[in-house]
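Residue numbers (the numbering used here), protein chains in the order written: chain A, 427 to 623; chain B, 12 to 619.
It is worth saying that the hints were derived from the structure and are not from the lab.
Note that the structure is a prediction, hence the values are computed from the model and not measured.
Some hints here could point you the wrong way.
As the list claims (entries may be wrong) - Under the rule of at most 25 Å between Cα atoms (straight-line distance), these lysine to any residue pairs were calculated in the SDA-like manner:
1. B/LYS384 x A/ILE518
2. B/LYS378 x A/LEU505
3. B/LYS384 x A/ASP619
4. B/LYS619 x A/LYS598
5. A/LYS488 x B/GLY199
6. A/LYS516 x B/ALA389
7. B/LYS619 x A/THR454
8. B/LYS400 x A/VAL527
9. B/LYS400 x B/ARG376
10. A/LYS522 x B/ARG224
Stated by the list, open to error - What the simulated footprint calls covered on chain B by chain A, stretch by stretch (three residues with Cβ under 8 Å from a Cβ of chain A suffice, anywhere in the stretch; the number is not a length):
11. 158-165
12. 274-282
13. 564-571
What the hints assert, rightly or not - Label pairs and their computed distance ranges (CB to CB):
14. B/GLY186 x A/CYS558: 51 to 61 Å
15. A/ASP520 x B/GLN558: 23 to 33 Å
16. B/HIS187 x A/ILE471: 45 to 55 Å
17. B/TRP65 x A/VAL623: 22 to 32 Å
18. A/ARG482 x B/ASP173: 24 to 34 Å
19. A/LYS598 x B/THR368: 50 to 60 Å
20. B/GLY387 x A/ALA496: 45 to 55 Å
21. B/PRO279 x A/ASP495: 40 to 50 Å
Glycine is no exception: its CB is placed at the ideal position from the N, C-alpha and C atoms.
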Amino acid sequence: MSQQSHSGAAQPAPDFSIPPAPRRSFLTQFLAAAVGALVGIVPAIVGLATFLNPLRKSVLQKQAPSGSDADGYYEVTALAALDATPQAFKIIADRKDAWNVFPQEAIGAVFLSLDGDNSVRAFNVTCPHAGCRVDFRGGKQAYHCPCHNSSFDVDGTRSPESPSARDLDSLKTKVVDGRVWVKYQDFKAGEKDKKPV
Amino acid sequence: MKLLDWLDDRTGYKALLHEALYERVPGGARWRYVWGSTLVFTFSVQLVTGLFLWMSYNPSSQTAWESVYYIQHEVFLGWLLRGIHHFTAQAMIVLLVLHLLQVIIDGAYRAPREVNFWLGLILMKIVLALSLTGYLLPWDQKGYWATKVATNIAGITPVVGDQVQELAVGGVNYGHQTLSRFFALHAGLLPALLIGFLGLHIYVFRRHGLTVRDPIYRADTTFWPDQVLRDSVACLAVLATVLLLSIYHGAGPHGGAELGAPADATEPYSAARPEWYFLFLFQFLKYFPGEQEIVGAMIIPGAIVGVLFLMPFIGRWKLGHAFNVAFIFGLFAGIAVLTGLARHADSRDEDFQAAVTDADQKAERVKELAAIKGIGAAGAVHLLHDDPKTRGAAIFAMKCAGCHRYDGHDGKGKVPKDTATASDLGDFGTRAWIKGILTDPVSPRHFGPTQNNPDVGERFVKGEMAEWVGDNVASGKIKADELDAVVEFLASLSGHKDVGAIDDEKVRKGQEFFALGSDAVSGSCYDCHTMKLSDDPGELFKEPSTQIATGAPDLTGYASAEWLNAFLSDPAHKRFYGSHNAMPAFAEQLSERELEMLVKWLLHDWPK
């Protein structure tokens, strides 16, 4: 039969005085703290490693949509469909989201038009200021962002009163057998320089 | 220092820290006091790992399995995180049992600690509820079917059973609502309750102090650092065990916790078993058939928990403590025996073993498919539905393996007890298969087994094909290169994906032999079998076959997907066995989709 505790039914005040002969050598304290910290930190580190997963390069690469050619160009439309007025076109590719693949979905959009030399002009529809989607206003012959009123000329140049730090993001294009291909990219918003993300 | 004084002045943290660290340990620090601390530790590990799992987990029936797959196979160290969470949950159960045993053996439930004993029992129930709810969250077959059983048991509760079940399930169908409810319980309500009750448990524990077995064992000491060191070392041992289990015991390329095939309500799962610590209950329920289930599922377990709660009062009687100790040992012995019986029964149950193998294969296959094809919006379960490799095998096992075999088994690896009454289709459509028919049509792989069917008897084993082979092949009238050429020709028609490169020269020779035979052999293939070629420059098959034999199938496009589909749909059609047919027609028995899966499976046409 085990011993009863020293505290009976009538509860004395808890005793928190340090006992007379404490065995609290430095080594014990050090080991207690070290082992305690170790057992606490290992699960946290493993958790943190998974949390930091999105920063890995391979993860970013896997999340990139597939459907472009080797140089990153996506087939968009027929050259014959374009004129001087910018029109929005979707970029269609296999969109990826963590574990999912969504085949043939819009991964973004571009404005396409023909300039004076009849060469194709392409802009990403995303406003370089804060990432809203700009639209083209035929009446004013200008792109307009509904969020903070940035506006851009048909050639993408921002108007002086725009909050955007740079012009609309132009994209490279090529024409193959009468089809327009666009090198679709997103760029970091809010900065003066155009940096692909 | 001044800053700390300032902080202490405002918060009183020093007194709190002092109270936390300098609890008196009469009789000195001892290893036997570590169990409570290891439980607090394991719970903290679950909080931390659970929180990080939560950052990638998605509770819905199209994303739960998929996100767990992502954690397990895509996220860096995700498999280890899952492994730690999974095995720490199991460690917690073991530590709970040890803690409870010690409390009862030491009589620590006695006055004034009754309330704390009850708080401990409540904590135990919360931990069990956490493991029950957590088991469902990966939404794999195992968790799905085990949870179905658990919620059905809840459904037999008198009076409110239906409502309890519907509330747990979030309706009548298991799906999105079940997952989000279980997840809210598992990651929200239950941990909050656990933290609350744990706070009370520790508070009341501190109020009464340790139950000291031997106050003069050593000089008194304090919790810090002597007992803390022992507690930490014990926690380290627990952590090391968990890590080793995660790395070495787990399934898959990295280890970690198991992830079965995604939950599928249309795919019965005979390998459903609860987690090992609930196995005794599973076994126990076998002894309570029909209406008596409630006795095994609720009345007896309820009575046992009732006795546990009454232990502080029972312990007051003269022999009460001895009864309590005997009761708890008897209980765990009973649990051990029931667990052993369940394991023993499963180890001897071939159907269960086959179900486990099948489940493992599906789990592997779906991960393979997810890696090859990616997972669509409809979820990973459709990867298996649309996969000829698993669907075809299942259809074969269900519809064909009554008569046929596939490399000796039923398509899913199980060897049927009955004798086969039709061919073994393991290499159907390959060169080996074609050569087999041409050299030994009555072998066990080909028409041999048909004689086991009394309705067929010797129709095939002594049929015209067997006769032709006897006359021409066994006797050596057909030359080796002629045989090879016919095999090559027929292989060129086959849709089997492993046929590989075709030798066109041989094919041309084979076509000729098929149509005309040779001077040495008695009759050509074309005398009995119809054949048409889309490209027939030599006009070998211009004149229709005389079809002098009954039931000799048309070999146009032999073993192609189209041929096989038409054959399976209606083997008694005059294009195939005609009046010689003994095989059922499957056009009505299988849907078009199922037929397609079966055909693709037989021809090894699946994503690789």
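Checked hints:
Among the hinted pairs, B/LYS384 with A/ILE518 is consistent with the structure: their alpha-carbon atoms are about 18 Å apart, no more than 25 Å. Proposed proximity of B/LYS378 and A/LEU505 is contradicted: the alpha carbons are some 43 Å apart, above 25 Å. A threshold of 25 Å between alpha carbons decides the hint, and for B/LYS384 with A/ASP619 the separation of about 38 Å lies outside it, so the pair is violated. Between B/LYS619 and A/LYS598, the direct Cα distance comes to roughly 37 Å. Violation of the 25 Å bound is thereby established for this hinted pair.
Proximity of A/LYS488 to B/GLY199 is assessed by CA-CA distance (about 33 Å); at most 25 Å being required, the pair is judged violated. For the proposed pair A/LYS516 and B/ALA389, the alpha carbon gap of about 24 Å is at most 25 Å, so the pair holds. Restraint check: the Cα-Cα separation between B/LYS619 and A/THR454 comes to about 59 Å, which exceeds 25 Å; the hinted pair is violated. Pair hint B/LYS400 plus A/VAL527 holds up; C-alpha atoms about 22 Å apart against a cutoff of 25 Å.
Using a Cα cut-off of 25 Å, the hinted pair B/LYS400 and B/ARG376 holds, with the two alpha carbons roughly 9 Å apart. Taken as a hint, the A/LYS522 and B/ARG224 pair is broken in the structure, with Cα atoms around 62 Å apart against an allowance of 25 Å. Given a C-beta distance limit of less than 8 Å, the hint that chain A covers the region 158-165 of chain B is violated, as 0 residues qualify and 3 are needed. Beta-carbon proximity to chain A at under 8 Å applies to 0 residues in the region 274-282 of chain B; the threshold of 3 is not reached and the given coverage is violated.
Look at the region 564-571 of chain B against chain A: 0 of its residues bring a Cβ nearer than 8 Å to a Cβ of that chain, fewer than three, so the hint is violated. At about 37 Å, the CB distance of B/GLY186 to A/CYS558 disagrees with the hint of 51 to 61 Å. At about 51 Å, the CB distance of A/ASP520 to B/GLN558 disagrees with the hint of 23 to 33 Å. At roughly 34 Å, the beta-carbon separation of B/HIS187 and A/ILE471 lies outside the given 45 to 55 Å, and the hint is violated.
About 27 Å separates the C-beta atoms of B/TRP65 and A/VAL623, a value consistent with the hinted range of 22 to 32 Å. The supplied range of 24 to 34 Å is broken by A/ARG482 and B/ASP173, whose beta-carbon atoms lie about 49 Å from each other. About 54 Å separates the C-beta atoms of A/LYS598 and B/THR368, a value consistent with the hinted range of 50 to 60 Å. Restraint check, B/GLY387 to A/ALA496: a C-beta distance of roughly 26 Å breaks the suggested window 45 to 55 Å.
Taking 40 to 50 Å as the suggested C-beta distance range, the pair B/PRO279 and A/ASP495 conforms, at roughly 47 Å.
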